[in-house]
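Engineer: Each chain, written out:
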Amino acid sequence: MTTKLFGEPVRRREDARLITGRGRYLDDIGAGALAAAFVRSPHAHARVLDVDVEAALDVEGLVAVYTYEDLTGPMAEPLPVLIPHPQLHAPRTGYPLANGVVNHVGEPVVMVVATDRYVAEDAAERIVVTYEELPVVVGVDAAREARAAVHEDVPDNVAARHHQETGDVEPALAAAPHTLSFTQYIERSACMPLEGKGVHARWDADDASLRVYSSTQASTSVRAAIAAKLELSLDRVEVIAPDVGGGFGVKIVHPWPEELLVPMAAIRLGREVKWAEDRREHFISSAHERQQRQEITVGYDDDGRITALDVHVWHDNGAYTPYGIIVPIVTATQLVGPYAIPVYRVVVESVFTNTVIVTPYRGAGRPQGCYAMERTMDRIADDLGLDRAEVRRRNLITPDQFPYDHHLTFQDGRPVIYDSGDYPGLLDKLVALVGWDEAGALRADARSRGKMLGVGMALYVEGTGPGPYEGGHVQVLGSGKVLVSTGLTSQGQGHETVFAQIVASELGVPIEDVEVHTGDTRRFGYAVGTFASRAAVMSGNAVALAARGVREKAIRIAADVLEANPEDLEIDEGLVQVRGTPGASIPLRTVAVLSNPLRYAFDEAAKQATQFAKAGSDDKPPVAEGDAPGLEHRDYYSPIRSTFASGAHAAVVEIDPATWEIDVVRYAVVHDCGNVVNPMIVEGQVHGGVAQGVGGALYERMAYDADGQLQNASFMDFLMPYASEVPDIAIDHQETPSPLNPLGIKGAGEAGVIPGTAAIASAIEDAVGRRITSMPISPTELYDLMRNETAERTQASLQTGVPA
Amino acid sequence: MTTSIDPPQVDSERTVSVTVNGVHREATVPVRRVLSDFLRDDLGLTGTHVGCAHGVCGSCTVMVDGDPVRSCLVLAVQVQGAQVTTVEGLARDDHQGGQVLHPVQEAFRECHALQCGFCTPGFLVTIAAGLEARDAAEEITEEEVDELVGGNLCRCTGYANIKKAVRHAAATMREDAR
Chain L
1 MTTKLFGEPV RRREDARLIT GRGRYLDDIG AGALAAAFVR SPHAHARVLD
51 VDVEAALDVE GLVAVYTYED LTGPMAEPLP VLIPHPQLHA PRTGYPLANG
101 VVNHVGEPVV MVVATDRYVA EDAAERIVVT YEELPVVVGV DAAREARAAV
151 HEDVPDNVAA RHHQETGDVE PALAAAPHTL SFTQYIERSA CMPLEGKGVH
201 ARWDADDASL RVYSSTQAST SVRAAIAAKL ELSLDRVEVI APDVGGGFGV
251 KIVHPWPEEL LVPMAAIRLG REVKWAEDRR EHFISSAHER QQRQEITVGY
301 DDDGRITALD VHVWHDNGAY TPYGIIVPIV TATQLVGPYA IPVYRVVVES
351 VFTNTVIVTP YRGAGRPQGC YAMERTMDRI ADDLGLDRAE VRRRNLITPD
401 QFPYDHHLTF QDGRPVIYDS GDYPGLLDKL VALVGWDEAG ALRADARSRG
451 KMLGVGMALY VEGTGPGPYE GGHVQVLGSG KVLVSTGLTS QGQGHETVFA
501 QIVASELGVP IEDVEVHTGD TRRFGYAVGT FASRAAVMSG NAVALAARGV
551 REKAIRIAAD VLEANPEDLE IDEGLVQVRG TPGASIPLRT VAVLSNPLRY
601 AFDEAAKQAT QFAKAGSDDK PPVAEGDAPG LEHRDYYSPI RSTFASGAHA
651 AVVEIDPATW EIDVVRYAVV HDCGNVVNPM IVEGQVHGGV AQGVGGALYE
701 RMAYDADGQL QNASFMDFLM PYASEVPDIA IDHQETPSPL NPLGIKGAGE
751 AGVIPGTAAI ASAIEDAVGR RITSMPISPT ELYDLMRNET AERTQASLQT
801 GVPA
Chain X
1 MTTSIDPPQV DSERTVSVTV NGVHREATVP VRRVLSDFLR DDLGLTGTHV
51 GCAHGVCGSC TVMVDGDPVR SCLVLAVQVQ GAQVTTVEGL ARDDHQGGQV
101 LHPVQEAFRE CHALQCGFCT PGFLVTIAAG LEARDAAEEI TEEEVDELVG
151 GNLCRCTGYA NIKKAVRHAA ATMREDAR
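Those protein sequences? They're chains L and X, same order as listed. Under the working numbering, the first residue of the first sequence is numbered 1, with each subsequent residue one higher. Under the working numbering, the first residue of the second sequence is numbered 1, with each subsequent residue one higher.
Isolated chain L (complex conformation):
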C-alpha cells in the first residue's frame, strides 16, 4: 500500500505556517483587546493589610481594577486541588487574587485592565499595597525544621506523607551482607517554554457565550474549571489552545488565576481582554520543579545485587499543592527503574515553602527518582570495586520477567506493572554506543592534555500514556478531506503530523487529505490533557480506533454500491476497491456523500445521495437502524494501565582543573518507546530532552535567597543551554512494542531529560574522584568541593590515587 505512513519520518505538517510567521500563538490573537496586568506580591510571606488603588485611577486608558474584594461566588473560594489523594492530608491552594495573605513572591494581588499593556502596567505601578511581613520558609531543610510555618494551620509544613512499600524493609536491610546510607540533593529548575502562559477571552453577551483561548496543555479541563468558577453552563464556554509555544508541564496546571480572572473581566466589561505573561512573571508566578532531599539506605550482596532499598525523600512542593502529590508519587514509583528490587520502601514527605509552586516539569519526578536509584548503583559499584555497568546488569529485570509487577501504585492509581522491555539489550547497546569499555584510553588521552575525564551512565523506565482516556473523531467529507480531532492539546510535539500519519495509514488515504485539530473544545469536548508522554499512546490509539470505525463503515457502504463482499474490499489512496479487480472501485469521498441520505442537492456531488437518485430497498429506512448519517466515527482509548518506555544514557565529561569548567564531550542515548510512529519526531524529542537534562545537571537552578526572593528571575541570570552547551548526541533505538494498546506504542516526550542529572553526576564523580551529592553543580561548586579537605573521596580514587 502506498499510504502506509506509520513509522516513516514524514515532514511536519505544522511547519509551513510556523516558518513563515503564520503561527497563531496566544498573543497573536485578539488585536485590540483590552490588556490585563497584575500587581504581584513582592514578599514571600506577608499579610495584605491594605490595597490603595487611588493613584491608579488617574491613568488615562485604565478600564478596571480588581482585588479579592471584587470576587464573588466560587471565584472568592480557593483554587481547586486538581488531584486529591488520601495521603495529601493538608492540601492548600491560593485564591485567584490574594485573600489576606501571600505565600510567595509573585502571587497575584490586583488585576488591572486597560487599553493596552503599557497603560495597564502604568496603572499597576501606582497601586500601593501595604503588607505585614511574616517569617519565610525557603528550601526543604528549613521546611523540615519548621521554625516557621508557611500555612498557619500546618505547623510542621508537611502537606503529604506518601508511603509505599513492597515488603518488610528493616529485616531485609538487617540481613543484607552490605549496606550503605547516604543523603543527596537535587535543586529546582523549571519548564521555561519560550512562550509564557497567556489567556484571551471574548464574551458574546447576545449569545451568552464565552470563548477563551489559553496557552494550555488541558483545554477541556480549563473549560470545565471556568464554567464552574464563573457559574456558567458548560455549553456556554469554549476553550481553545491555539499554537502553544512550548509547555513541558507548566501549562498542564490549571486553572491558573489568570485563566479565571481574564474571562471574568471580559464578561463584566463586555470587552475582549487578554493577558500574555512576561518572562519575569513566568519565573515568579508559574511553576518550578525538582527540589528534593533524598535519604537512601540500600542493602546488597557481595555481587552487588540489591536486596533491600529504603528511601526517604523530602520534596519541596512550594507554597501550594494544586497538582496534588503527583510529582512525589512519580518519584516514589519510578525510582526503581529497570531493576528488580526485592524489598522496597519509600516515604516522600511533601513540604510547603514560601516559593513558587512545584508541579510537573518534563520528567515530573522521574529525574529525581532516576538520580536516587542510579547514584545508588554507582555507590554499590564503588564500594565493591565493580564496574558500574556490571552492577547495573546484575540488577536488571530480564526480558523473560515481563509483565513485571513492582507491587507499587502509579500516578494513575493503577499498578506499576511493566508491560514489555529489554533492559539488558539497552545496556549492551549503550556500552557499545558510548565506548564504555574504552574509557581508560579516553581518560589517558584527556590526562595528556591536562584534563580530567569521566564517564557515567544512567538507566530509566518511564511510565507513559496514563489514562483515564483520550478520544478521537474522524470524519470524511464529501470533498475527500479527512477531518481528525482529539481533545488533547499540542505544544510542539508534531501531533498534526503523527495523528495524520496514523489516520492515513489506518484509513488508506493520502496524508495530504488529512487535517488534524487538537485542543479545541468546539471540536472535541472530552479529553484529559497532554502530559506524561501520553499523546501518542492515548490520542494516537484513539484516532486509530476512530479511523478503523470509519473504514468499517466506508467498506460496508461501498460493498453495497459495488455489490461486493465487504471482505474483498480495501481502501488505498482514498479509493475503496475490490482487491485484485481494477476498475471495481468507488472514491472514499463518494462513499462519504452516499453515507448521508439527502433531500437537497446543494452541489454536484450531493446529487448522488438525493432521494430520487439513490437506489435502495423500499423496505428499509434510508438510515438503517443503529446507523447514523455521515462517514464519521468517534472512539475512545482507555488503557488498563500505563505503558513503560525505557532507555539508557551515558555521558563523557571533561573537566579543566584550571577553571573547573565541566564539558560534556560525548553523550549517548539508547531509547525504547515501543513502535515508533515518526522516527524524526522521536529523535527531536530526545534531542530536546537531553538539552534540558544537561541544563538541569550543570546550569539551571532557581536561586532563592533566605527571604524567598528569586535572585535569577531572568534569562540573563537563569542559565538555559544555548547551542554551545548542548553536546552532540549519539542515538540508538530499540523497539519493544507495548502489548497494551492496538498500535504497540509507548510515549517518548519526556525520556530525553530523565537520566541527564544522574549520568552527568556519575561522570563528574568518575573524573574527580569526589562524591557528588548535590546537583546541579557549577564550576565554582566543583572548585569548592575539590578544595574541601573533608569532601568524601570515592573508593576508586583512593585505590588508584588518581585523581589526587
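Worth flagging that the hints you see were computed from the coordinates, not collected in a lab. Any given hint could turn out to be false.
Unchecked claim - Below 20 Å or equal to it, Euclidean Cα-Cα: the simulated SDA-like pairs (lysine to any residue) are:
no.	chain 1	residue 1	chain 2	residue 2
1	X	K164	L	R11
2	L	K481	L	L384
3	X	K164	L	I731
4	X	K164	L	S724
5	X	K164	L	P587
6	X	K164	L	V10
Dock chain X against the given chain L, drawing on the hints supplied.
Structural biologist: Positioned in the frame of chain L, the structure of chain X alone reads:
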C-alpha cells in the same frame, strides 16, 4: 557629542515611517513603543515573537537594514526610515502569484529544526541575515554554524537539527551561487 533634548513624555507620540518587508508602513505611536510591539500590535505582523523582552532569547530578532536586531530592545522611533525584514518577509515572490521560501525556511522544515515554533522566527531571521552576509560560494564551517545559532534560545530542539538546517541552507545557497 552632547545633544540637549527635552525628555519625551511617555505618552508623547511620533509618526514612524519604515519599510517593512518591502512595503512602506507608517503608524503614529507613543515614543516608548518598542519595535517588537510596533511590528506586532501596530502593523499586525505577529510572526515576530517576544520570548523574554530583555534581549536574551532572540525570538524577536528582525533585520534592520540587513543586520539582525533584537526588536524588544529597540524603540520603534529608532528605526525611522529604515528597512525592516521580519520572518514574514523572508520568502520571495515567485512572480507567478506564489512565494518561494528562503533556503533557511526550507531547511528548517527539511531538517525538523523546529518543534513548538515560537523561537523559530528569531532563528530564521538571524541565520538568514548571517548566510546572506557571507560568501555563499564558500563551504560553511562548523565555527560559522555555531556562531549563527549560538545567540538564540530554543527550549524544544536541543539545537542539533537547527545546526543541521544551517548546514543544509548554506549548501543550498552554495549550489545556487554556482
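Engineer: Run every hint past the structure and note whether it holds.
Structural biologist: Verification of the hints:
1. Annotation: proposed proximity of K164 of chain X to R11 of chain L holds, straight-line Cα distance about 15 Å (limit 20 Å).
2. Simply put, K481 of chain L and L384 of chain L have alpha-carbon atoms about 64 Å apart, too far for the 20 Å limit, and the pair is violated.
3. Between K164 of chain X and I731 of chain L the alpha-carbon distance is near 16 Å, which keeps this suggested pair within the 20 Å criterion.
4. Pair hint K164 of chain X plus S724 of chain L holds up; C-alpha atoms about 14 Å apart against a cutoff of 20 Å.
5. Between K164 of chain X and P587 of chain L the CA atoms are separated by roughly 41 Å; this puts the pair beyond 20 Å, and the hint is violated.
6. Of the pairs offered as hints, the one joining K164 of chain X and V10 of chain L holds, with about 17 Å between alpha carbons and a cut-off of 20 Å not exceeded.
The structure shown violates the earlier hints numbered 2, 5.
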